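S.K.: One-letter residues, chain by chain:
2 protein chains.
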Amino acid sequence: MGLEGRPKLFEVRVVDIDLHRNLIIMNTSDARELGVVANNVVLVTLGDKSAYATVVTSETITQPGVVALSKQTASALGVSEGDKVGVKPVGLPASFNALKKRLHGGRLSEGEMKSIIRDVVDGVYGEAEIAAFLVSQLYSELGEEELSYLIKAMVETGSRVTFEETVYDVHSIGGVPGNSKVALLTVPIVAASGLLIPKTSSRAITSPAGTADTMEVLARVDLTMDEIVEIARRVKGVLAWGGKLNLAPADDIFVNIERRLSIDPDQQMVASILSKKIAMGVERLVIDMPVGRGAKVKDASTADKLAGLFIRQAGLLGLSIKVALTYGGQPIGTTAGPALEAREALEALIERKGSRSLIDKAVLLAGLVLELSGRAQPGQGEDIAREVFLSGKAYEKFKQIVEAQGGNPNVKPDDIQVGSHTFTLSSPLEGAVTHIDNAAVSLIARACGAPYDKGAGVRLHAKVGYRVNKGDPLITLYSSSASRLETAVRLLRDLNPVVVEGMLLKTLP
Amino acid sequence: MGLEGRPKLFEVRVVDIDLHRNLIIMNTSDARELGVVANNVVLVTLGDKSAYATVVTSETITQPGVVALSKQTASALGVSEGDKVGVKPVGLPASFNALKKRLHGGRLSEGEMKSIIRDVVDGVYGEAEIAAFLVSQLYSELGEEELSYLIKAMVETGSRVTFEETVYDVHSIGGVPGNSKVALLTVPIVAASGLLIPKTSSRAITSPAGTADTMEVLARVDLTMDEIVEIARRVKGVLAWGGKLNLAPADDIFVNIERRLSIDPDQQMVASILSKKIAMGVERLVIDMPVGRGAKVKDASTADKLAGLFIRQAGLLGLSIKVALTYGGQPIGTTAGPALEAREALEALIERKGSRSLIDKAVLLAGLVLELSGRAQPGQGEDIAREVFLSGKAYEKFKQIVEAQGGNPNVKPDDIQVGSHTFTLSSPLEGAVTHIDNAAVSLIARACGAPYDKGAGVRLHAKVGYRVNKGDPLITLYSSSASRLETAVRLLRDLNPVVVEGMLLKTLP
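Same order as they appear, the protein sequences are chains A and B. Position one of the first sequence corresponds to residue 1 (UniProt numbering), numbered consecutively onward. Position one of the second sequence corresponds to residue 1 (UniProt numbering), numbered consecutively onward.
Okay, chain A solo, but in the shape it has when bound (with noise of 0.2 Å):
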């Protein structure tokens, strides 16, 4: 029931103005005899190329005749100032009855599943529909076929890239603070062992840092797509921002959703991580799954039934995978933070030492990339994956990364800066550290201004298993804002979150 016909056209201005999703300024009398109204979406053309577009209506700021477009909305159709462009409303957009059909419990088709997506990344949808598909999943799980449906239609909506050779990659799920700055040390020993590996990963959601925050510190992690393939060519090895990279738009979508709902459907998951890997072209994958208390997962069933679904959706894409579930009980390293991880894992790469959960983690993954290659037997990655990174080989991979990505091989972890408002809690008694709480370190952190103040976060002087006496350091805040530091200071006091116990637990009177 679509109304038929020619586009109505009108004259083009140009706006500054951004609400995050392409918009058309109509004059309203216009929207009136368009049939349309505010906040309906509407479909401009211009020749052959068109962009979809939310309808803000107004009496004054655009005349009869006439729209205003959003620079976004211009770009996507190449649009100047004096144009003329079709505008036509738009029905039911074409995934309705899809979308109607998933709310109402039915399964969707490859073709539906597309078509759903489809309208996802035109910008058709608003963020009801959206968030419609996101919630449905809570309760009426995807099946192994739609989900392979969602991830295959969530990588053909954006951009591919391939590699000449077999392109590998580590990725983790997250959940863990300080996990960030395990790729700057496991992408340059797979690099230095001569696998190609140019990995893409995200800025932190809910963590003091993600993978790319971390490693802004010290280069350029905002590449395009052409520098990305040079720099593989060169280097092997990449660790970039994939937020711009086009790979797998809908995933960047539907995380902003998730995050502002708190939600986080599994399937959606392994379709965030899968189809953003397969859209960079690579061919074998390790997982690291961290497990524990405040941890994304929290136990070995729930991890085996995440990590079943990793390799049944990899087997139906022909991605060779592995999984490896890791300890993820507290956090990783001593430090969480950009600039503070980026310092540890430099002092790391530099010393061949540190602290074993970082090192031991980051070598593990690594030597699991390298028996996915078969350059190491069954059991055996590890060991070489160790002697890679202890023979320093690692260390001067790493210097060429950071120099093609623009930054300063040389830097050294003093000339990293941290933030100058700092506060240290000290243990009120003798005792052992006998928990580190994840969350409550991520909060902190954040609460310090982390990951956007990059020298904002936390140390942590002693981890589980540490005896400390009274008046030892236990965690340091960082930030480079009096007040922020104050506030998350409040909130340190307010979580607790390295617990020390002691034999005695109270004294009565």
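If you are wondering where the hints come from, they were derived from the structure by calculation, not from laboratory data. You may find that some hints are simply not true.
Using 30 Å as the maximum straight-line C-alpha spacing, the simulated DSBU-like pairs for lysine-lysine come out as follows [to be verified]:
#1 K305(A) - K101(B)
#2 K353(A) - K305(A)
#3 K101(B) - K100(A)
#4 K71(A) - K49(A)
#5 K152(A) - K298(A)
#6 K71(A) - K88(B)
#7 K100(A) - K100(B)
#8 K84(B) - K101(A)
#9 K71(A) - K84(B)
#10 K114(B) - K393(B)
#11 K84(A) - K71(B)
#12 K49(A) - K84(A)
#13 K305(A) - K100(B)
Note that this is a predicted model, so its numbers are computed, not measured.
Given the coordinates of chain A, work out where chain B should sit on it, guided by the hints.
M.R.: Leaving out everything else, chain B in the frame of chain A:
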């Protein structure tokens, strides 16, 4: 973890821009400094007034230090150009944890439900959160207690009115074309019997006409609350549009999203109806629930379940209620569309006869109101109501209502303009009408232009059970646009809404 402290002050400009939500246009640098990005929500304050608004960023529209507020936002705050307003980022919405709890299967307390509805009404939530709340109900129904909290919260977050005498009302859950005119008979019958019935109703959402659309053909329906109170006191009956009266405003927000997603959770429907009625001061209510093929409620067991929800909730809220399950298997009366229905209702009132499905239904519902009031013994209401109708008192009362609402009380059916472009479909064979498809009739009448084109709609010449000869007219379409009529005729041929079956099904060669 919200950023505490004093809001930053900005000079105000007012812009005429509408996106169906409060907007604030900020310079990108101001937004960055405030720690917000486009599409975030901020709290805007002036003195003791405050409003939430969605951030639009621009490099050029507003210079640093100046914000542009949409007219809607400015009027919510009572600000003028040049005033200084405070702007503060909003951390997590107050009800964020409550929403999260619901999405993860928890039951909401009264306080939690209230905080969600408050955030919905205040505009703290975007479409994603509202969709999540509604979609969760498809899978995890609200419990009876949660539902009563929801209804109370929806009432408390809007305006309420009280009358000096007991307020009665009749409300149809809808879903059957031609139903909008029933209230044009019921309300005057009840009012002529001396009972107060200040009926507010909605415009059509998916049907060809709502009662407000149909009444608007004869009189003003966009009355203020003061006008409604005054007319009710004087004439006893009112037929007004409830859209701008701020009655349970959360409902309008929910309905908008439900429509887009094509979902209609039962509990939410019950909340929608009861909250608006309680806000309007209604104490005794008759619910009309059409049941049948093509109606909202398809069968008796679904009807019983829904009726039970209404009855138990009314009990919890101190409302006397009767639910009438009525025949909804085909359209009511012979017309669908605002002007056509207004004409049919007026003819029935003047001539005291007409379609049985119209008159019997109106009399039945009015009779139930009389029984709820005690003016009729159980089982006797219908007879008394019919007497009021046949005596002409209902028509006299209707004229008073039309006059009080600014219409011409002496208007005659033939004075009412209907669409000048018409098309009549004739029966292709001799036989009997065995089915009329409600949904198809609605779609065709809407394709003709109803409800926006008041004269558009359909007239049925035969209804289920009528015998027709080959060539007899079955249905006539009306529109004021030749091209719309053409589209509707195509649809009519596709959907074939009036099914005629003869004895002879087919001849073979």
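S.K.: Next, verify each hint and record whether it holds.
M.R.: To see whether the hints hold, each was checked on the structure:
1. Annotation: proposed proximity of K305(A) to K101(B) holds, straight-line Cα distance about 24 Å (limit 30 Å).
2. Taking the CA atoms of K353(A) and K305(A), the gap is about 35 Å. The hint is violated against a cut of 30 Å.
3. For the suggested pair K101(B) and K100(A), the alpha carbons sit about 25 Å apart, so the restraint of at most 30 Å is met.
4. Between the alpha carbons of K71(A) and K49(A) the distance comes to roughly 16 Å, so the proposed pair stays at or under 30 Å and holds.
5. As the CA atoms of K152(A) and K298(A) are separated by approximately 29 Å, the hinted pair is consistent with the 30 Å bound.
6. At most 30 Å may separate the alpha-carbon atoms for a hinted pair to count; K71(A) and K88(B) meet this at roughly 27 Å.
7. Taken as a hint, the K100(A) and K100(B) pair is honoured in the structure, with Cα atoms around 23 Å apart against an allowance of 30 Å.
8. Between K84(B) and K101(A) the CA atoms are separated by roughly 50 Å; this puts the pair beyond 30 Å, and the hint is violated.
9. Distance hint between K71(A) and K84(B) is fulfilled; the C-alpha atoms sit about 29 Å from each other, no more than 30 Å.
10. For a cut-off of 30 Å, the pair hint linking K114(B) to K393(B) is broken: about 45 Å separates their Cα positions.
11. The straight-line distance between the Cα atoms of K84(A) and K71(B) is roughly 29 Å, inside the 30 Å bound, and the hint therefore holds.
12. As the CA atoms of K49(A) and K84(A) are separated by approximately 13 Å, the hinted pair is consistent with the 30 Å bound.
13. The straight-line distance between the Cα atoms of K305(A) and K100(B) is roughly 23 Å, inside the 30 Å bound, and the hint therefore holds.
This entry does not satisfy hints 2, 8, 10, going by the numbered hints stated previously.
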